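S.K.: So the sequences go chain by chain: X, L, F, Y, C and E.
Letter by letter, the first sequence follows residues 1391 to 1526 of this note's numbering.
Letter by letter, the second sequence follows residues 1391 to 1526 of this note's numbering.
Letter by letter, the third sequence follows residues 1391 to 1526 of this note's numbering.
Letter by letter, the fourth sequence follows residues 1391 to 1526 of this note's numbering.
Letter by letter, the fifth sequence follows residues 1391 to 1526 of this note's numbering.
Letter by letter, the sixth sequence follows residues 1391 to 1526 of this note's numbering.
Just so you know, the hints here were simulated from the structure itself, not pulled from any lab data.
It cannot be assumed that every hint is accurate.
It does not matter which identical chain is meant; a pair holds if it fits inside one copy or across any two.
Said to hold, decoys possible - Below, in silico cross-link-like pairs of lysine to aspartate or glutamate (EDC-like), each with a Cα-Cα straight-line distance of 20 Å or less:
| # | residue 1 | residue 2 |
| --- | --- | --- |
| 1 | 1513 | 1468 |
| 2 | 1456 | 1420 |
| 3 | 1513 | 1526 |
| 4 | 1424 | 1460 |
| 5 | 1456 | 1468 |
| 6 | 1503 | 1444 |
| 7 | 1399 | 1526 |
| 8 | 1483 | 1498 |
| 9 | 1393 | 1446 |
| 10 | 1448 | 1412 |
| 11 | 1392 | 1509 |
| 12 | 1424 | 1400 |
| 13 | 1399 | 1523 |
| 14 | 1392 | 1523 |
| 15 | 1483 | 1468 |
| 16 | 1392 | 1471 |
| 17 | 1456 | 1416 |
| 18 | 1507 | 1471 |
| 19 | 1392 | 1498 |
| 20 | 1448 | 1416 |
| 21 | 1456 | 1523 |
| 22 | 1511 | 1465 |
| 23 | 1393 | 1498 |
| 24 | 1392 | 1446 |
Predicted model only: the values in this text are computed from it and were never measured.
What follows is the residue order along each chain.
Number of protein chains: 6
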Amino acid sequence: MKKVSVIRKEHFNAAHRLFNPEWTDEQNQEIFGKCNNPNYHGHNYDLHVKLSGEIDPKTGYVFDLKVLSDLIKAEILDLFDHKNLNLDVPQFKNLNPTAENIVVVIYDILRQKIDTKFDLKIKLFETERNYVEYPD
Amino acid sequence: MKKVSVIRKEHFNAAHRLFNPEWTDEQNQEIFGKCNNPNYHGHNYDLHVKLSGEIDPKTGYVFDLKVLSDLIKAEILDLFDHKNLNLDVPQFKNLNPTAENIVVVIYDILRQKIDTKFDLKIKLFETERNYVEYPD
Amino acid sequence: MKKVSVIRKEHFNAAHRLFNPEWTDEQNQEIFGKCNNPNYHGHNYDLHVKLSGEIDPKTGYVFDLKVLSDLIKAEILDLFDHKNLNLDVPQFKNLNPTAENIVVVIYDILRQKIDTKFDLKIKLFETERNYVEYPD
Amino acid sequence: MKKVSVIRKEHFNAAHRLFNPEWTDEQNQEIFGKCNNPNYHGHNYDLHVKLSGEIDPKTGYVFDLKVLSDLIKAEILDLFDHKNLNLDVPQFKNLNPTAENIVVVIYDILRQKIDTKFDLKIKLFETERNYVEYPD
Amino acid sequence: MKKVSVIRKEHFNAAHRLFNPEWTDEQNQEIFGKCNNPNYHGHNYDLHVKLSGEIDPKTGYVFDLKVLSDLIKAEILDLFDHKNLNLDVPQFKNLNPTAENIVVVIYDILRQKIDTKFDLKIKLFETERNYVEYPD
Amino acid sequence: MKKVSVIRKEHFNAAHRLFNPEWTDEQNQEIFGKCNNPNYHGHNYDLHVKLSGEIDPKTGYVFDLKVLSDLIKAEILDLFDHKNLNLDVPQFKNLNPTAENIVVVIYDILRQKIDTKFDLKIKLFETERNYVEYPD
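Construct the complete structure from the given sequences, taking the supplied hints into account.
M.R.: Quick look at the structure:
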């Protein structure tokens, strides 16, 4: 059967700090540089959520993008938007909020809410020049 | 052999309405909401056509993008640009012009015009935040 | 006093047709070309609303952009989004919905809702390559 | 004489929190909403610095944009990039870091470093949809 | 009378080299750095042409953007696109093709072709991060 | 194991000319048109380098994007930026510098510098509307 992908773009603004609590300050500074600022810095994150599946012949939709947008708002934006990822988001209590870890956390949350008949792939832009995809 | 993909971006502006003629007005309103306006609404569609194949050692091209641009203009833009998809485009006489159905129609038209030694993939942006890909 | 400008970007999707009812079909076709399609075509319109004024020392705001966004939604997007400008929007009953006329209509609506202590300027993108500003 | 404007775009990533220390928590929440998160949130700020002046006939430049880029890096990015605006930037010790206040602070710093024969104007994007200009 | 601005965006790709023939190689290298490569380098130039005037009540247009696009193609793109600005464009035979000089040359050409009842302003992007405007 | 992709965007500006030295001028003109200008033309090239691999649990990184940026600068930008691809870059001494050939050259250079445990994919934009990917 023909499979089509549909993609919805959303965004959120958040603060974070990169560091490994098992390392010394010097080690953290060496690896994470400016991103290790203990007072945090922040980003406008652009999030692309992609579902792949068959077109429903009654609607012409693979998945209603309004429904997908509402799902992303309820499951992801309410958790991440205008938040400090290190302090406010439980998933990063013991996990460094790098773009790589954020994209896997978002995937794991959404994967549980979306029927497994749809393939799921996430792209996350931390800046215009740095972005990540999962699964690869 | 090494395969490289080449992509040409084109665009068209069109009106459309989403609805299923077998449903009641209430059902159409419930599923398609604002997109069900019987007077139509419209979009600037951005179209990315991707061909994958081997580089011709004489030209250094996989496929001349000027030729691809002319092909897209002749086969797709002349049919879709500044048109009402529901009323003016025969392919949507009995097919709901969702982004998913539009991308499959475009693929099917171009697939017949492009040598099968090239893989073909289409990406279509209906808005900056909603887009589709086929094949997935 | 120091005056700062604040700008909020919104968007809407609409269908329209350009024509002058006092002209013959041939005249309309000659002047408006593809834009004269009687079945309509459409666009994703990007709207930038700019207010200029002094910074309120208590808030640090010239104008709360959340309030401005809500105002644009209530006064403009509810009127224009997913609509046929010619058929659904009273302001264009006897006015050709060119980008120039749309930007003046939007200005006139918002000007009545925004305190005259703020300067107001509107930018409207009809496509990525065609846009207008009012006042100039 | 002919005056031409030259513009250099730079960017920085920072955390901030909006609040007025003279207000109650309820007042701050009412006015600043999500932006009042005491744990901070953040943005990718895009900064456009515009100088207007006459073309130097020897170089063909109004102002060497490499020199302008270096000046912005030394005077602004070193101060703001990967920082917490409230905690790390002295100018915001007693000033709410709204986009309006940030753009005036940047202007005041750069105005002292650039010959007054050049007009100076700053545009600052806090998000893709919210931005400010100074002077207006 | 109400004046509205209409803007058309076009683009061209060109090679150039920055240098002053009255200077030594060392002086040219010091001022122009990488841009002084005697073998040339190049850019994708984005050009925004803005006309301001009154709306024609018969058409709803300030100026037909299709006509403006054709004019830019005939007067500017045919002269600049896929050219070496230093070698192929007569205006730069004795004029350094900096963005500042290019924007003034484009203005001077178009100003002669456009009725003086319209104000004219040109914006030229040499890169995404370096651009110029004339008049300022 | 979970594999995540990380992507870094860089850019360079270069001149080039497309031609096949084994062909007559007429053949070159027929195939390459404006791109065959013997005086060269140029582009702003946007380069996206994508590495796929497992997340290092100590850093939360697949690959430090600052390190990747430095690697791209040292291996690619120093070779290509502000250069004439035909005259200044040894790889194109006997190879036509089409986007397809450039993307393969960049891949081959970077592939030797990046551990084979990472998958590598390159995307190169020659203009906003023409771009290539390798491997496909």
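S.K.: Now, for every hint given, state plainly whether the structure supports it.
M.R.: These are the hints, each one checked on the structure:
When the C-alpha separation of residue 1513 and residue 1468 is checked against a cutoff of 20 Å, the pair qualifies only within one copy, where the shortest distance is 18 Å, while the shortest distance between copies is 30 Å. Taking CA atoms no more than 20 Å apart as the test, residue 1456 paired with residue 1420 passes between copies only; the shortest distance there is 12 Å, against 44 Å inside one copy. Within a single copy, residue 1513 and residue 1526 get their C-alpha atoms as close as 9 Å, and across copies as close as 15 Å, so both meet the 20 Å cut-off. Within a single copy, residue 1424 and residue 1460 get their C-alpha atoms only as close as 35 Å, which misses the 20 Å cut-off; across copies the closest is 16 Å, which meets it.
When the C-alpha separation of residue 1456 and residue 1468 is checked against a cutoff of 20 Å, the pair qualifies both within a copy, at 16 Å, and between copies, at 17 Å. Within a single copy, residue 1503 and residue 1444 get their C-alpha atoms as close as 18 Å, which meets the 20 Å cut-off; across copies the closest is 25 Å, which misses it. For the identical chains of this complex, residue 1399 and residue 1526 are neighbours both inside a copy (18 Å) and across copies (17 Å), given an alpha-carbon limit of 20 Å. Only within a single protomer do residue 1483 and residue 1498 lie at most 20 Å apart by alpha-carbon distance; the minimum there is 16 Å, versus 40 Å between protomers.
In this homomeric assembly, residue 1393 and residue 1446 come within 20 Å of each other (Cα to Cα) only inside a single copy, at 11 Å, whereas the closest approach across copies is 31 Å. In this assembly of identical chains, residue 1448 and residue 1412 lie within 20 Å of each other by CA distance solely across copies; the values are 9 Å between and 55 Å within a copy. Within a single copy, residue 1392 and residue 1509 get their C-alpha atoms as close as 13 Å, and across copies as close as 16 Å, so both meet the 20 Å cut-off. Taking the shortest Cα distances, residue 1424 and residue 1400 sit within 20 Å of each other only across copies (17 Å), while inside one copy they are farther apart (27 Å).
Taking CA atoms no more than 20 Å apart as the test, residue 1399 paired with residue 1523 passes in both settings, with 14 Å inside one copy and 14 Å between copies. Taking the closest pair of Cα atoms, residue 1392 and residue 1523 come within 20 Å of each other only across two copies (11 Å); inside a single copy the shortest separation is 24 Å, beyond that limit. Proximity of residue 1483 to residue 1468 under the C-alpha cut-off of 20 Å is restricted to the intra-copy arrangement: shortest distance 17 Å within a copy versus 30 Å between copies. Proximity of residue 1392 and residue 1471 under a CA criterion of 20 Å is satisfied in neither setting, with 36 Å inside one chain copy and 26 Å between copies.
For the homomeric pair residue 1456 and residue 1416, the shortest alpha-carbon distance between copies (18 Å) is at most 20 Å, but the shortest distance inside one copy (47 Å) is not. For the identical chains of this complex, residue 1507 and residue 1471 are neighbours neither inside a copy (29 Å) nor across copies (33 Å), given an alpha-carbon limit of 20 Å. When the C-alpha separation of residue 1392 and residue 1498 is checked against a cutoff of 20 Å, the pair qualifies only between copies, where the shortest distance is 12 Å, while the shortest distance within a copy is 26 Å. In this homomeric assembly, residue 1448 and residue 1416 come within 20 Å of each other (Cα to Cα) only across copies, at 15 Å, whereas the closest approach inside a single copy is 60 Å.
Only between protomers do residue 1456 and residue 1523 lie at most 20 Å apart by alpha-carbon distance; the minimum there is 18 Å, versus 23 Å within a single protomer. Within a single copy, residue 1511 and residue 1465 get their C-alpha atoms as close as 16 Å, which meets the 20 Å cut-off; across copies the closest is 31 Å, which misses it. Within a single copy, residue 1393 and residue 1498 get their C-alpha atoms only as close as 22 Å, which misses the 20 Å cut-off; across copies the closest is 14 Å, which meets it. For a Cα distance limit of 20 Å, the shortest separation of residue 1392 from residue 1446 inside one copy, 11 Å, qualifies, whereas the shortest one across copies, 31 Å, does not.
The structure does not agree with the numbered hints 16, 18 stated previously, though it agrees with the rest.
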